[in-house]
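Visitor: Just so you know, the protein sequences line up as chains D and C, in that order.
The first sequence finishes on residue 369 if you use our numbering, and the numbering steps up by one all the way, no holes.
The second sequence finishes on residue 369 if you use our numbering, and the numbering steps up by one all the way, no holes.
Treat the hints loosely; a few may be bogus.
Where chains are identical, the list cannot tell them apart; a pair therefore holds if satisfied intra-copy or between any two copies.
No more than 30 Å apart at the CA atoms, straight line, and that leaves these computed lysine-lysine pairs for DSBU-like [said to hold, decoys possible]:
| no. | residue 1 | residue 2 |
| --- | --- | --- |
| 1 | Lys-248 | Lys-183 |
| 2 | Lys-241 | Lys-183 |
| 3 | Lys-356 | Lys-205 |
| 4 | Lys-241 | Lys-125 |
| 5 | Lys-287 | Lys-183 |
| 6 | Lys-363 | Lys-102 |
| 7 | Lys-363 | Lys-241 |
| 8 | Lys-102 | Lys-183 |
| 9 | Lys-363 | Lys-248 |
| 10 | Lys-241 | Lys-74 |
| 11 | Lys-246 | Lys-183 |
By construction, these hints were calculated from the structure, which means they are not laboratory data.
It should be emphasised that the depicted structure is a prediction, and the values quoted were computed from it without experimental measurement.
There are 2 protein chains.
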Amino acid sequence: MISRRKFIQKAGLTASTLPLMPAAETLFNNQNQNQAVLRVAIMGLGSYANRVARAMESCTRAKVVGVISGTPSKVKEWQARYSIPEENCYNYETISEIASNKNIDAVYIITPNALHCEQTLQVAKAGKHVICEKPMAINAVEGARMIAACEAAGVQLLIGYRMHFEPKTLEAIALRASGELGKILFFQGLSGFRIGNPNQWRLNKKLSGGGAMMDIGIYSINGARYMIGEEPTWVTAQETKTDPIKFKEGIDETIQFQLGFPSGAIASCLSTYSMNDLDRFYLNGTKGQVEMQPSTGYGPISGRSHLGPLKAPVVTHQTIQMDAMAGILLNNEKAPVAVDGYEGLKDMKIIDAIFKAVSTGQKISLTNW
Amino acid sequence: MISRRKFIQKAGLTASTLPLMPAAETLFNNQNQNQAVLRVAIMGLGSYANRVARAMESCTRAKVVGVISGTPSKVKEWQARYSIPEENCYNYETISEIASNKNIDAVYIITPNALHCEQTLQVAKAGKHVICEKPMAINAVEGARMIAACEAAGVQLLIGYRMHFEPKTLEAIALRASGELGKILFFQGLSGFRIGNPNQWRLNKKLSGGGAMMDIGIYSINGARYMIGEEPTWVTAQETKTDPIKFKEGIDETIQFQLGFPSGAIASCLSTYSMNDLDRFYLNGTKGQVEMQPSTGYGPISGRSHLGPLKAPVVTHQTIQMDAMAGILLNNEKAPVAVDGYEGLKDMKIIDAIFKAVSTGQKISLTNW
Numbered sequence: 001m002i003s004r005r006k007f008i009q010k011a012g013l014t015a016s017t018l019p020l021m022p023a024a025e026t027l028f029n030n031q032n033q034n035q036a037v038l039r040v041a042i043m044g045l046g047s048y049a050n051r052v053a054r055a056m057e058s059c060t061r062a063k064v065v066g067v068i069s070g071t072p073s074k075v076k077e078w079q080a081r082y083s084i085p086e087e088n089c090y091n092y093e094t095i096s097e098i099a100s101n102k103n104i105d106a107v108y109i110i111t112p113n114a115l116h117c118e119q120t121l122q123v124a125k126a127g128k129h130v131i132c133e134k135p136m137a138i139n140a141v142e143g144a145r146m147i148a149a150c151e152a153a154g155v156q157l158l159i160g161y162r163m164h165f166e167p168k169t170l171e172a173i174a175l176r177a178s179g180e181l182g183k184i185l186f187f188q189g190l191s192g193f194r195i196g197n198p199n200q201w202r203l204n205k206k207l208s209g210g211g212a213m214m215d216i217g218i219y220s221i222n223g224a225r226y227m228i229g230e231e232p233t234w235v236t237a238q239e240t241k242t243d244p245i246k247f248k249e250g251i252d253e254t255i256q257f258q259l260g261f262p263s264g265a266i267a268s269c270l271s272t273y274s275m276n277d278l279d280r281f282y283l284n285g286t287k288g289q290v291e292m293q294p295s296t297g298y299g300p301i302s303g304r305s306h307l308g309p310l311k312a313p314v315v316t317h318q319t320i321q322m323d324a325m326a327g328i329l330l331n332n333e334k335a336p337v338a339v340d341g342y343e344g345l346k347d348m349k350i351i352d353a354i355f356k357a358v359s360t361g362q363k364i365s366l367t368n369w
Numbered sequence: 001m002i003s004r005r006k007f008i009q010k011a012g013l014t015a016s017t018l019p020l021m022p023a024a025e026t027l028f029n030n031q032n033q034n035q036a037v038l039r040v041a042i043m044g045l046g047s048y049a050n051r052v053a054r055a056m057e058s059c060t061r062a063k064v065v066g067v068i069s070g071t072p073s074k075v076k077e078w079q080a081r082y083s084i085p086e087e088n089c090y091n092y093e094t095i096s097e098i099a100s101n102k103n104i105d106a107v108y109i110i111t112p113n114a115l116h117c118e119q120t121l122q123v124a125k126a127g128k129h130v131i132c133e134k135p136m137a138i139n140a141v142e143g144a145r146m147i148a149a150c151e152a153a154g155v156q157l158l159i160g161y162r163m164h165f166e167p168k169t170l171e172a173i174a175l176r177a178s179g180e181l182g183k184i185l186f187f188q189g190l191s192g193f194r195i196g197n198p199n200q201w202r203l204n205k206k207l208s209g210g211g212a213m214m215d216i217g218i219y220s221i222n223g224a225r226y227m228i229g230e231e232p233t234w235v236t237a238q239e240t241k242t243d244p245i246k247f248k249e250g251i252d253e254t255i256q257f258q259l260g261f262p263s264g265a266i267a268s269c270l271s272t273y274s275m276n277d278l279d280r281f282y283l284n285g286t287k288g289q290v291e292m293q294p295s296t297g298y299g300p301i302s303g304r305s306h307l308g309p310l311k312a313p314v315v316t317h318q319t320i321q322m323d324a325m326a327g328i329l330l331n332n333e334k335a336p337v338a339v340d341g342y343e344g345l346k347d348m349k350i351i352d353a354i355f356k357a358v359s360t361g362q363k364i365s366l367t368n369w
């Protein structure tokens with residue numbers, strides 16, 4: 001079992017320098033070491049799971065082979081569409097039985113945020129790699145528990161940071177890393193959309209753990225980190241709620257937040273569930289700029305720098321992500337930008353601090369743990 | 001003499017509803033009531049004064065007829081270029097003598113910020129209308145003194161808000177006012193440039209009264225107000241200083257600030273002296289958006305809404321401004337967006353609050369005075 005201090009130390013590493021953990025030498029991995037294709041079971045069969053599975057039809061190294069769902073009718077549909085055998089279908093009471101299934105390598109958890117932690121612990125205990133959709137959990141303590149549990153079980157934990165594999169995003173990061181933009185001074189992230197159905201789980205604190213920040217604001221948090229290439233040291237934040245009926249206690253509608261970085265770079269970000277089509281990144285350095293719009297949406301990313309348009313190809317994000325994750329999990333390949341549990345934990349710590357900044361009105365230091 | 005309470009009440013009016021003051025029935029105005037051209041003396045002959053004077057060569061209703069300067073060589077240059085007679089040339093010791101000059105209607109004060117208040121008082125005492133470059137002063141108390149002094153002297157006080165006459169800006173405001181954008185939710189203003197010469201007056205607290213906020217950040221403050229069409233009720237702000245040698249105590253390099261408005265709309269703004277080419281406005285409503293870039297620079301303004309590009313003509317800002325100000329001062333015409341002392345005071349109150357928010361780390365209410 002990894003010590004608390006040890007993973008805190010690891011979590012202090014920067015996204016760019018954090019090494020991937022070596023693959024655990026488990027029975028499971030030995031069995032699959034010549035396996036070219038990552039066999040994935042999807043947990044939670046909602047709309048994003050559908051999007052992932054459709055994208056995975058174009059994967060060359062990953063395949064949907066199983067499902068975990070509490071809704072038998074959905075399981076039937078998925079079995080038919082993806083030719084999933086009966087023995088690879090589970091519900092939330094039978095998760096532990098996945099341990100004996102030699103035809104499943106990893107479980108991709110695509111359930112409401114508040115369920116991620118316990119479900120990750122269950123999957124880890126069953127000896128399968130975990131891919132967990134972001135946010136990895138509803139707070140940093142849960143994230144830390146997930147990391148510890150996966151390390152103890154000898155399985156890997158990856159977080160569904162699809163932008164970390166998206167070509168135009170990587171092109172922008174490479175421009176910054178090359179020094180082409182000069183010293184980085186300012187990042188702006190606007191992340192939001194106007195949320196519809198007031199009865200969905202995203203607006204239910206018990207399932208979501210929070211509102212827009214958990215769901216969409218995290219793109220600006222994560223984006224600030226990978227675009228600037230540093231870890232923030234402080235945060236301030238201001239909440240605005242215009243519709244307290246739709247956005248109940250604990251469900252943030254709109255939060256502005258600001259981050260400070262060791263170099264003196266700053267970030268100004270917006271997270272919202274009440275504005276249309278807000279999906280913009282802007283990075284300003286002494287020698288140049290990059291702007292992206294859309295910057296994190298599911299469709300084609302578009303951007304330009306002072307040198308002209310970003311030229312990297314348009315891809316289906318989840319196809320690229322899952323092929324790359326197969327390489328990470330099966331062949332110990334390195335992600336272009338970290339997607340492990342420590343990466344997820346960094347965002348959770350910032351989200352915790354944003355909520356604390358909102359409730360106290362204070363500038364919150366991010367260097368304390 | 002206007003009471004403190006009276007001008008505070010007036011200052012509480014919104015930009016869109018504030019009526020222009022009726023022209024004072026002074027000897028001066030009676031003498032010029034048939035005068036089609038506003039005869040302007042420029043006080044302070046620096047680079048912006050040069051820009052204004054060149055632009056005024058194309059004015060049909062305003063003309064540079066005099067100068068006030070402490071530098072005799074500049075006075076000679078201006079006399080030659082603008083055919084200014086000797087009797088319309090003053091220095092800072094002879095300002096009071098303008099009182100007896102029947103050929104000057106107004107003085108345009110284009111001097112360092114910290115001098116605006118006393119100079120306005122001097123010009124008002126001499127019975128001439130005051131046009132004062134923004135920021136009107138270095139704090140709200142000074143601004144209030146200026147308003148009171150001009151009202152007591154029966155002269156008008158206008159602030160050099162050139163964007164309030166700029167056609168694309170007015171087109172954007174009209175779009176918002178028409179309801180075309182729906183309910184306004186968010187304004188973003190990025191205002192900054194990389195300041196050069198470290199020895200200029202803008203970086204000398206005694207002359208500037210502050211750093212980037214006074215000089216360029218005020219565009220985002222003022223822009224937030226005219227683009228949203230409301231007066232803010234609170235402000236939060238965070239300062240970053242990366243170069244304490246260049247930006248000394250009291251000279252702000254970079255400040256992020258956030259404003260909240262009665263409708264629930266919010267603004268996120270950046271003021272900086274250390275970033276290149278930051279001149280962007282973005283306004284988001286439930287039904288549409290407007291973005292402008294450049295949004296406040298001296299050159300052509302460019303912008304688009306969800307309906308397409310803004311179509312209003314490109315103009316020389318200062319030409320339009322001075323012709324319009326001639327109409328205000330001579331014919332009691334109404335400015336499209338207020339440019340009087342109360343308008344300037346509103347921005348000064350917000351700047352005061354931003355500095356207080358920075359120093360205290362607290363959210364500052366703007367409804368107290």
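Visitor: The structure should be examined with respect to each hint, and the outcome stated for every one.
Guide: Evaluated hints:
1. For the identical chains of this complex, Lys-248 and Lys-183 are inter-copy neighbours only, at 21 Å across copies versus 42 Å inside a copy, given an alpha-carbon limit of 30 Å.
2. For the identical chains of this complex, Lys-241 and Lys-183 are inter-copy neighbours only, at 14 Å across copies versus 36 Å inside a copy, given an alpha-carbon limit of 30 Å.
3. Taking CA atoms no more than 30 Å apart as the test, Lys-356 paired with Lys-205 passes inside one copy only; the shortest distance there is 17 Å, against 35 Å between copies.
4. Taking the shortest alpha-carbon separations for Lys-241 and Lys-125, neither the intra-copy value of 41 Å nor the inter-copy value of 49 Å comes in at or below 30 Å.
5. In this homomeric assembly, Lys-287 and Lys-183 come within 30 Å of each other (Cα to Cα) only inside a single copy, at 7 Å, whereas the closest approach across copies is 38 Å.
6. For the identical chains of this complex, Lys-363 and Lys-102 are neighbours neither inside a copy (50 Å) nor across copies (57 Å), given an alpha-carbon limit of 30 Å.
7. With identical chains, the CA atoms of Lys-363 and Lys-241 are at most 30 Å apart both within one copy (20 Å) and between copies (16 Å).
8. For the homomeric pair Lys-102 and Lys-183, neither the shortest alpha-carbon distance inside one copy (50 Å) nor that between copies (56 Å) is at most 30 Å.
9. In the homo-oligomer, the alpha carbons of Lys-363 and Lys-248 lie at most 30 Å apart both inside one protomer (25 Å) and across protomers (23 Å), since each shortest distance falls under that limit.
10. Taking identical chains as interchangeable, the C-alpha atoms of Lys-241 and Lys-74 are never at most 30 Å apart, the minima being 36 Å within one chain and 56 Å between chains.
11. Only between protomers do Lys-246 and Lys-183 lie at most 30 Å apart by alpha-carbon distance; the minimum there is 17 Å, versus 42 Å within a single protomer.
Hints 4, 6, 8 and 10, counting from the list given before, are not met by this structure.
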